[in-house]
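Protein chains in written order, with full-length UniProt numbering: chain A, 1 to 232; chain B, 1 to 232; chain C, 1 to 232; chain D, 1 to 232.
If you're looking for bench data, these hints aren't it; they were derived computationally from the structure.
Just to be clear, a hint being listed does not mean it is correct.
For chains that are exact copies, the list does not tell them apart, and a pair is met inside one copy or across any two.
[Unchecked claim] Result set (DMTMM-like, lysine to aspartate or glutamate): computed pairs, CA atoms no more than 20 Å apart in a straight line:
1. 95 - 76
2. 56 - 186
3. 95 - 222
4. 95 - 156
5. 95 - 70
6. 56 - 196
7. 56 - 70
8. 95 - 36
9. 56 - 156
10. 95 - 186
11. 56 - 21
Listed below are the residues making up each chain.
Protein chains: 4
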Amino acid sequence: MSSSGTGYGTAVTAWRAAAPDWDAYTRHAFVEGLRDGTLPRAAFLHYLAQDYVFLKHFSRAWALAIVKADTLPEMEAATATVHGLLHYEMGLHVKICAEAGIDAETLAATPEHPGNMAYTRYVLEAGYSGDFLDLLAALAPCVLGYGEIGARLAAEATSDTYGDWIGTYAGDDYQGICRDVGALIDGALTHRLGPDYATLPRFAMLSARFAQATTLEVGFWDMGLSPSSAPA
Amino acid sequence: MSSSGTGYGTAVTAWRAAAPDWDAYTRHAFVEGLRDGTLPRAAFLHYLAQDYVFLKHFSRAWALAIVKADTLPEMEAATATVHGLLHYEMGLHVKICAEAGIDAETLAATPEHPGNMAYTRYVLEAGYSGDFLDLLAALAPCVLGYGEIGARLAAEATSDTYGDWIGTYAGDDYQGICRDVGALIDGALTHRLGPDYATLPRFAMLSARFAQATTLEVGFWDMGLSPSSAPA
Amino acid sequence: MSSSGTGYGTAVTAWRAAAPDWDAYTRHAFVEGLRDGTLPRAAFLHYLAQDYVFLKHFSRAWALAIVKADTLPEMEAATATVHGLLHYEMGLHVKICAEAGIDAETLAATPEHPGNMAYTRYVLEAGYSGDFLDLLAALAPCVLGYGEIGARLAAEATSDTYGDWIGTYAGDDYQGICRDVGALIDGALTHRLGPDYATLPRFAMLSARFAQATTLEVGFWDMGLSPSSAPA
Amino acid sequence: MSSSGTGYGTAVTAWRAAAPDWDAYTRHAFVEGLRDGTLPRAAFLHYLAQDYVFLKHFSRAWALAIVKADTLPEMEAATATVHGLLHYEMGLHVKICAEAGIDAETLAATPEHPGNMAYTRYVLEAGYSGDFLDLLAALAPCVLGYGEIGARLAAEATSDTYGDWIGTYAGDDYQGICRDVGALIDGALTHRLGPDYATLPRFAMLSARFAQATTLEVGFWDMGLSPSSAPA
Chain A
1 MSSSGTGYGT AVTAWRAAAP DWDAYTRHAF VEGLRDGTLP RAAFLHYLAQ
51 DYVFLKHFSR AWALAIVKAD TLPEMEAATA TVHGLLHYEM GLHVKICAEA
101 GIDAETLAAT PEHPGNMAYT RYVLEAGYSG DFLDLLAALA PCVLGYGEIG
151 ARLAAEATSD TYGDWIGTYA GDDYQGICRD VGALIDGALT HRLGPDYATL
201 PRFAMLSARF AQATTLEVGF WDMGLSPSSA PA
Chain B
1 MSSSGTGYGT AVTAWRAAAP DWDAYTRHAF VEGLRDGTLP RAAFLHYLAQ
51 DYVFLKHFSR AWALAIVKAD TLPEMEAATA TVHGLLHYEM GLHVKICAEA
101 GIDAETLAAT PEHPGNMAYT RYVLEAGYSG DFLDLLAALA PCVLGYGEIG
151 ARLAAEATSD TYGDWIGTYA GDDYQGICRD VGALIDGALT HRLGPDYATL
201 PRFAMLSARF AQATTLEVGF WDMGLSPSSA PA
Chain C
1 MSSSGTGYGT AVTAWRAAAP DWDAYTRHAF VEGLRDGTLP RAAFLHYLAQ
51 DYVFLKHFSR AWALAIVKAD TLPEMEAATA TVHGLLHYEM GLHVKICAEA
101 GIDAETLAAT PEHPGNMAYT RYVLEAGYSG DFLDLLAALA PCVLGYGEIG
151 ARLAAEATSD TYGDWIGTYA GDDYQGICRD VGALIDGALT HRLGPDYATL
201 PRFAMLSARF AQATTLEVGF WDMGLSPSSA PA
Chain D
1 MSSSGTGYGT AVTAWRAAAP DWDAYTRHAF VEGLRDGTLP RAAFLHYLAQ
51 DYVFLKHFSR AWALAIVKAD TLPEMEAATA TVHGLLHYEM GLHVKICAEA
101 GIDAETLAAT PEHPGNMAYT RYVLEAGYSG DFLDLLAALA PCVLGYGEIG
151 ARLAAEATSD TYGDWIGTYA GDDYQGICRD VGALIDGALT HRLGPDYATL
201 PRFAMLSARF AQATTLEVGF WDMGLSPSSA PA
């Protein structure tokens, strides 16, 4: 069961336990506001618009994973994710925003918030300067943290105000993606570093990348709570 | 009409006319052997196996184009190509080889020929060290040259021995991809360099990249004609 | 005379004029505190430690410029900068910090502040995803802004508390580097885009990169003024 | 003693022993012609001109090692190598060629031979797509193979026709570089993979990269022996 955070593979479970900001991320006031419906609509829409910009660069980072993969199955797993992000998840944002009166042009023209930019550039640079593993470790907190949040909120929500959002990330499709990404990471580690990968300094370095990206997720929620901090 | 080489956009037409080896590539003895059916089967299968390895790295290069794109439509165009290469074109190779008694494991284990490696690494490095335009200029000769070859052979073939291969590249699907890639290149140039892009030194540099990749295609056909030159 | 901001070449002069935050950067309260000596020592040392971490990643970005250069003179200019950063400028930080009782190990172990990280990863990612010009445009505000600040403070300082720092950036060596980098940028633009480069959409894109890096410089000074915002 | 190939560190000694083409590279007919003075002058000058082009791209690859390094000492080691290549080794080529009547402009205008290009693009792409270790494994055969060749020829030469060349690579400066690079590789492996790095699949992957670059060195000597194969 993913809400325990142990359902997405061995490596992620270890990295998650070692990331100081994991709870600050997955139990952030923004998340609790989604759970009990108290999150102001303006904050949610501000978040969605920034997340739309985020997903563009996050898709670029997953595309870099295709380039950096070693095997065809690794390439195919990363390609499926790019496809899902560009054609499904970004479309969902367009649809929700449209229902709120924000049209696609406005959404596409959203100025990128500094905290948003800091996150995706960190991930992309980790991937360019490191290898496939560095990139996956930096990508993982977003993908799998949302899976954990979705699964928990589906069980604990006291309001259905944000039921659509919760349902997306708690749903079978998204949970399946999370398990696939967890398996991709475990497989990639074993393929390169052998079965005892968790004992190597390299694993601690990857854990630090995961922890850093987790911290940047906290900043993303902070930004979501402060619509007025957006650039003009 | 693409067999004249002028059907895939303005930039490619100019680059094609300036590439010294364009005819050596598109009218290579290997190509003429496909046209009149005299190409030995062993050469064709050797080529297919190398092309399978090629397509893996070529897909990685198209994935790099997603990373290096500036706009969502550019990203989507590159994503569609990666998807087509990994899920359709590579599958076609697997199917043809299977019919010839070469199973998927054997195909996947094909040792990469030096001329094959030289080509894809040139393209990838051009993309990494340059920008989106450098990458597209290096990717273009393969995509669009095959379109031109397919269209010509469909009109001029005197044998149907290699009719399936010819039909693939002469077909509406592939010709549509060629037109899309040509339009992507023209659009990317205008977006960055303005309408008079062809007058800039940058355009001549891109033309040199296109010409270099064209020369590497000649080497690929040469390799195809010499099955015994393959590494053990 | 560089304090007018027109002494470092044509392109930089245009980009500087178009960057909304240029004055916010070069006339920041931190800078004014260096000028009149009112900057608290703790803030200065906090800044120096973060700048030491910054220079490591900034050197990596200049090394990427060597990789992305087209000509030997471009490579040599970038190499000289890497050499100067690693062997001269970082050494200066070690020396000043040592005099303040911060030893080299402590300095090297400085935790990277989020605003610091955001800046260097933006520059590196611009370089990886773009080409040599994108990288230079993102590198320029730091190099040339410090030159402009140094030259102005040398003329306007009302205290010699921070005279060493001012003297470093106002000095002939550093001003020479600034002129060289300005000439490198003008030459690289002309080499690729021709003499009318400033009329092209590409130039506006590069100007946007310069403006973005300038904004990130403002955040760096903000961080310098808030020693307590540093991670533990 | 380096002529036994065991003087440049633990990892390189293992990779060298596992590279099928190591002797084909270090005892190539070109090398034996340097040893006994029978190498035709035209072949030597053809080689030098191609090597000049090679060193430009090889310097770019070492600069990429600065970008991909994790620690300051790793960055400094790579920077020293870039500096040495650009300012010392390339200058040596200019000098020898000048003595043979080939001026610097002619040298700089040397068309890049396909086998030359294949090698450097392989190395650069290995570095971009992999991490610091992948890059070092691809860089090592050139640096350390020349050290081994120089040391052996200094002991075994029967002619002083190519004594300058031999002396360069047998000399203390170059042998010191080889030991430094060997130590850099061993240190980088231990830093990332721990003391038992040689037991990991990753080490076998790096060994394969080393072997591939070794094979590309054989092609480089082949090219040197065939001046007429140069592009017009």
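Here is what the structure says about each hint:
Taking the shortest Cα distances, residue 95 and residue 76 sit within 20 Å of each other only across copies (18 Å), while inside one copy they are farther apart (27 Å). Taking identical chains as interchangeable, the C-alpha atoms of residue 56 and residue 186 are never at most 20 Å apart, the minima being 26 Å within one chain and 23 Å between chains. Taking the shortest alpha-carbon separations for residue 95 and residue 222, neither the intra-copy value of 24 Å nor the inter-copy value of 38 Å comes in at or below 20 Å. Taking the shortest Cα distances, residue 95 and residue 156 never come within 20 Å of each other, neither inside one copy (26 Å) nor across copies (50 Å).
For the identical chains of this complex, residue 95 and residue 70 are neighbours neither inside a copy (36 Å) nor across copies (23 Å), given an alpha-carbon limit of 20 Å. Neither within a single protomer nor between protomers do residue 56 and residue 196 lie at most 20 Å apart by alpha-carbon distance, with minima of 35 Å and 29 Å respectively. Taking identical chains as interchangeable, the C-alpha atoms of residue 56 and residue 70 lie at most 20 Å apart only when they sit on different chains, with a minimum of 10 Å there against 24 Å within one chain. With identical chains, the CA atoms of residue 95 and residue 36 are never at most 20 Å apart, being 23 Å at best within one copy and 54 Å at best between copies.
Taking the shortest alpha-carbon separations for residue 56 and residue 156, neither the intra-copy value of 30 Å nor the inter-copy value of 45 Å comes in at or below 20 Å. In this assembly of identical chains, the alpha carbons of residue 95 and residue 186 never lie at most 20 Å apart, being 34 Å within a copy and 31 Å across copies at closest. Neither within a single protomer nor between protomers do residue 56 and residue 21 lie at most 20 Å apart by alpha-carbon distance, with minima of 25 Å and 26 Å respectively.
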